[in-house]
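Visitor: Heads up: the sequence lines are chains A and B, in that order. In case it helps, the numbering used here puts the first sequence at residues 203 to 378. In case it helps, the numbering used here puts the second sequence at residues 29 to 820.
Hint data in this document are derived by calculation from the structure and do not stem from the laboratory. Values in this document were obtained by computation on a predicted structure and should not be read as measured data. Quick reminder that beta carbons are idealized off the backbone N, C-alpha and C, glycines included. A couple of the hints might just be wrong.
[Stated by the list, open to error] Here are a few chain A residues that sit away from chain B, every Cβ distance over 12 Å (derived from the structure): (1) T205; (2) D217; (3) D226; (4) N243; (5) N255; (6) L260; (7) Y262; (8) Q298; (9) G310; (10) A341; (11) A352; (12) I370; (13) M372.
[To be verified] Here's a subset of chain A near chain B, in silico, CB distances under 10 Å, partners left out: (14) I237; (15) G238; (16) L246; (17) D248; (18) L250; (19) I335; (20) L346.
[Said to hold, decoys possible] Ranges of calculated distance between the beta carbons of each label pair, as one might list FRET restraints: (21) A/G334 with B/Y357: 46 to 52 Å; (22) A/S222 with B/L791: 24 to 30 Å; (23) A/D311 with B/R349: 33 to 39 Å; (24) B/L791 with A/D226: 30 to 36 Å; (25) A/D325 with B/R349: 28 to 34 Å; (26) B/M416 with A/D325: 34 to 40 Å.
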Amino acid sequence: MGTLERATSGRYLFDGAEVSNLTDREIARLRALKIGFVFQNFSLIDHLTVYDNVKLGLRYRRERFPRSDDRILEAMDRVGIAHRADHLPRELSGGQQQRCAIARAIVGDPSLLLADEPTGNLDSRNAAQILGILSELNASGTTLVIVTHAPSQADRASRIIDMHDGRIHMSSRRLT
Amino acid sequence: MTPTLAGLLKLARLIVARWSVYALMVAGLTLAYCAATIIGLYVRNELTYDGFIPGAETTYLVSAHYGPKGHPLIASDLAPAGVARWTRSSMPDVDGVTRLVSVEWLMQTDRRKVKEHFYWADANLFDIVKLPALHGELKTALVRPGSIVMTARMADAYFGRNDVVGETLLTAHRRQLTVTAVLRDFPPNTTFDREIFVSGVSDYSDIAVLDDNPTRLWPTSYTYLRVKSGSNPSEIAQKLGSLTRAQWRGPNNIPVAVDLIPLTRLHFQPHGDGQMKPRGHLNLVIALIIVAVAIIALASINVSGLILAETNERVSEMAIRAAVGASRYDLIAEIANEAFWVNAASMALALALSERVLPSLNRLLDLNIMMWTAPVSLLGVSIAITVMTSGLSGLYPAILVTRPRGHRRGALIGASSRWKGWVVTQIALVIVLLIASHTMVRQWRYAIGDAPNFDGNSVLMVKFSEFSDANARFVRDVRSLPGVIAAAESFSAPTTDYARPGLVTLGDGRTVALTRNSVAPEFFDVYRVPIVAGRNLIGTFLEPDTPAEILVNESGARALGYASPQEAVEKFLTYDTDMTRMRSKIVGVVPDLRFATVSDPAQPMIFDNSSKYFNQVSIRLDPIQGGEAISAIESAWDRNMGGSIPVDKRLFYDYLLQQYHDLYQQIQVFNLVSAVAILLSVLGLTGLSIFLTRHQVREMAIRRALGATFGDIFVQRLTPFFLPLLGANLVAWPIAWLALEFWLKSFASHVALSLGSFIGAGLISIVFALITLALRCLFASWDAPIRSLRHA
Chain A
203 MGTLERATSG RYLFDGAEVS NLTDREIARL RALKIGFVFQ NFSLIDHLTV
253 YDNVKLGLRY RRERFPRSDD RILEAMDRVG IAHRADHLPR ELSGGQQQRC
303 AIARAIVGDP SLLLADEPTG NLDSRNAAQI LGILSELNAS GTTLVIVTHA
353 PSQADRASRI IDMHDGRIHM SSRRLT
Chain B
29 MTPTLAGLLK LARLIVARWS VYALMVAGLT LAYCAATIIG LYVRNELTYD
79 GFIPGAETTY LVSAHYGPKG HPLIASDLAP AGVARWTRSS MPDVDGVTRL
129 VSVEWLMQTD RRKVKEHFYW ADANLFDIVK LPALHGELKT ALVRPGSIVM
179 TARMADAYFG RNDVVGETLL TAHRRQLTVT AVLRDFPPNT TFDREIFVSG
229 VSDYSDIAVL DDNPTRLWPT SYTYLRVKSG SNPSEIAQKL GSLTRAQWRG
279 PNNIPVAVDL IPLTRLHFQP HGDGQMKPRG HLNLVIALII VAVAIIALAS
329 INVSGLILAE TNERVSEMAI RAAVGASRYD LIAEIANEAF WVNAASMALA
379 LALSERVLPS LNRLLDLNIM MWTAPVSLLG VSIAITVMTS GLSGLYPAIL
429 VTRPRGHRRG ALIGASSRWK GWVVTQIALV IVLLIASHTM VRQWRYAIGD
479 APNFDGNSVL MVKFSEFSDA NARFVRDVRS LPGVIAAAES FSAPTTDYAR
529 PGLVTLGDGR TVALTRNSVA PEFFDVYRVP IVAGRNLIGT FLEPDTPAEI
579 LVNESGARAL GYASPQEAVE KFLTYDTDMT RMRSKIVGVV PDLRFATVSD
629 PAQPMIFDNS SKYFNQVSIR LDPIQGGEAI SAIESAWDRN MGGSIPVDKR
679 LFYDYLLQQY HDLYQQIQVF NLVSAVAILL SVLGLTGLSI FLTRHQVREM
729 AIRRALGATF GDIFVQRLTP FFLPLLGANL VAWPIAWLAL EFWLKSFASH
779 VALSLGSFIG AGLISIVFAL ITLALRCLFA SWDAPIRSLR HA
């Protein structure tokens, strides 16, 4: 779904476009413009500050953002990490690192946010806060796909796809 | 990309990922060890000249210096013939003295007939110079007239075997020589250039002629002596100098000083007139030692970084080992052990490679370096270097990687910076070597091109025989041959085989030394030398000794105090030679010609037209008919010499190349060392790139996830190397400038350093580095490993 790897069979339509027909360059652009990633291990670049890590979310869009500073600050504000903007990742707690990763994912305003076990490395208090942030983002219009092993988290989703050994075991839709 | 190509690339990546680090380590070290081994063998060869002669360090060559006091005109390996006699009679501190005189005569057996280069030798030669014998008794080998001693190689050439004591061969005038002893073959690193010694006791030998005419004191003999134990060689040299000055019979008493040079140090002495072999260059030896050490050090540091990259990949393995009870010492030992075996394997490969490469290298550089002449010391040094570099390359990463987790990360970042610094150092070394190579090539081209200041291309030099009438007929015939443009006789000119000084005392009391040359007037046509002022000489004369007319060169005119060449014309010059005082009229001035190498300053010269000592003819050939003309010249020689004397000929250009053979060798050595350094720096850069890739694989993956294209990753990875590469130039340029200024100043005449050499070397190194990095970045960036995001 993240287009990090090519499909070996089947079709994958994104916004109506067949992804497997796109070139590497077009796929990279698709990721830069429309997909945000949140990883279990945060995946921040160690030698960049929080601000620079978040800024990286805009870099490969190849667009001049008017007031890009404001957008970065806004994204950091939204997840509550703005006060640590000048810190390096290793100076942050796990929860703060994940907030930074979320800020980076949303700074470009993607239409799809992919979160791969976003709370897997966090304690329960931080996990709850992160899930709260993700829920808010979803409520404000961002499509959110979360991979999780925790049924309590899955229960908060509007659609659940249960996968077992790489195959879809069950798909259910919650009525809202 | 097609699926097949993608599959192949994937396979290649897998192989490289698995083996690249070890392959790089072994390749880099093998290359470095091989280069260092060959350099080491070359250096050993240079430093052990004549070491095969027992007692060589206490056997001295008497070197003579002639010329105005404080301004030696000629430093000569040849001493006046009387030095040996005076030493025997008046120097009790000397244990023994002996002489050699070089000569070329026809020698023949059924197997071989050539104009042979050999020495006349005093009967006591082997008491003083203790050359090792293979057959016969050396102590008495040269006592009888007509006895001859030769090396096993020469015996084999003349007789087809080496046990030839009692065999005979014929020489000029059908004189018979009897072999009385056979010497062991000389190693290539000897100062002796001939392998045959004929008894000087024979009444027809040059030594006997000199002894029978004690007034003939011009320098003709290589004189060797041994001093008694406890005696001071410097004091003996001073006494011998005084003795020589006191005994000098020449009417004008040219000042002479004497020096005693141990055989083992002769190879590194400054150029000497009549030297048997080209001298070595101590500066070159020192430079090569530094380069060899630098190459090994840089290769070790490269390996150190690669081991660091490799072991850092195995952090979890280290953790598991620690969990099952391994101490930090155990882990360090584990990594150091691996480093040792990598080094040992590389050294073994390097020795094998050196053995394989040496014959080609010997052919290329006209060397004769042998590998296993001292196997124990070679293996001992190899093992010592292996152990040392194992420690250097293994311990540092071992200590770093086994540090507690909290300290490791910062240390690794530091290691990365240091490694980058070392790679920059390597590139700086490459730049220095490239600049050095280019400057040496320019100096060599200058030496064989513009420096002589005359046109010697297409000129063939033929040495005369001892029969003057036949020589004259030969020259007359040669002039009428098709393909011959001009021919001119001379006494050695334009070679420096025999140098004759002429001393002029100026009005202010200063003495000016000019080199005297005897040439036929056509000499200046053959070598295309214009007459700058006045006119050329007319004809030649045989007697009397004093020439009526002479030419001087521009330096000579200046040295004599004339403001312009024109001013010197028609003036009379009084000058002293070793035999008599002469007075001649200057009829013309020629440009400054360089007969000596660029190591020596251009000499003020006198040219006269005395034919008394003419010993060769220079023949300008038509470049188109040159080959046929040479055949015709050989036929003319055989016709005039009755077919009994082989023609001794050489092209002037070949002579010039031979004069600069040592410089040519230096160029080739530096070219090869530069190539090795480039390869090492390529390996170093590749290693650094692998190291950084492994450390930045996650970062690359994150960037890919955020939308970076392959091109973005490529540029992002390449950019940080630009500044260090420019930094390498900043480091290298001043070092190269200083070193090459120093080197160029060892020549009396040299090219200026060229900015082009610096810019060219910088660009070449940057292009090489960027290509290497680009290939590696291309490889690493192509599919920035997304999986690392999954597993990190």
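Visitor: Could you run down the list of hints and mark each one as holding or not?
Guide: Hints, one by one, checked against the model:
A cut-off of 12 Å between C-beta atoms contradicts the statement that A/T205 is not in contact with chain B; the least separation is 9 Å. For A/D217, the non-interface assignment is confirmed: its Cβ lies about 15 Å from the closest Cβ of chain B, beyond the 12 Å cut-off. The non-interface label for A/D226 is inconsistent with chain B: the shortest C-beta to C-beta separation is roughly 7 Å, within 12 Å. With 12 Å as the threshold on Cβ separation, the claim that A/N243 sits away from chain B is violated: the shortest Cβ distance comes to roughly 5 Å.
In this structure A/N255 is not separated from chain B by more than 12 Å, as the shortest Cβ-Cβ distance comes to only about 9 Å. A beta-carbon of chain B comes within 12 Å of the beta-carbon of A/L260; the shortest separation is about 9 Å. Look at A/Y262: its CB is around 4 Å from the nearest CB on chain B, not clear of 12 Å, so calling it non-interface is violated. The beta carbon of A/Q298 sits about 18 Å from the closest Cβ of chain B, which is more than 12 Å, so the claim that it is off the interface holds.
Against chain B, the non-interface label of A/G310 is violated: not every CB pair exceeds 12 Å, the least being about 8 Å. At roughly 24 Å from the closest C-beta of chain B, the C-beta of A/A341 stays outside 12 Å, upholding its exclusion from the interface. Chain B leaves A/A352 outside its interface by the beta-carbon criterion, the shortest separation being 19 Å against a cut-off of 12 Å. A/I370, annotated as away from the interface, keeps every beta carbon of chain B farther than 12 Å; the closest lies near 20 Å.
Distance check for A/M372 against chain B: the nearest CB is about 24 Å away, which clears 12 Å, and the non-interface claim stands. Look at A/I237: its Cβ gets to within about 8 Å of chain B, closer than 10 Å, so that hint holds up. Look at A/G238: its Cβ gets to within about 9 Å of chain B, closer than 10 Å, so that hint holds up. Because the smallest distance between the Cβ of A/L246 and any Cβ of chain B comes to about 8 Å, under 10 Å, the interface hint for this residue holds.
A least Cβ separation of about 8 Å between A/D248 and chain B falls short of the 10 Å threshold, and the interface hint therefore holds. The closest approach between the C-beta of A/L250 and any C-beta of chain B is roughly 9 Å, which is under the 10 Å cut-off, so the hint is satisfied. Checking A/I335 against chain B by beta carbon gives a least distance of about 19 Å; that is not within 10 Å, so the hint is violated. Interface restraint check: A/L346 against chain B, minimum CB-CB distance 17 Å, threshold 10 Å, status violated.
The supplied range of 46 to 52 Å is met by A/G334 and B/Y357, whose beta-carbon atoms lie about 50 Å from each other. Against the hinted window of 24 to 30 Å, the Cβ-Cβ separation of A/S222 and B/L791 comes to about 45 Å, which falls outside the hint. As the Cβ distance of A/D311 to B/R349 is approximately 49 Å, the hint placing it in 33 to 39 Å is violated. B/L791 and A/D226 have their C-beta atoms about 33 Å apart, which keeps the hinted 30 to 36 Å range intact.
Distance hint for A/D325 and B/R349: a CB-CB separation of about 31 Å, consistent with the stated range 28 to 34 Å. For the pair B/M416 and A/D325, the supplied restraint of 34 to 40 Å is violated, since their beta-carbon distance comes to about 52 Å.
This entry does not satisfy hints 1, 3, 4, 5, 6, 7, 9, 19, 20, 22, 23, 26, going by the numbered hints stated previously.
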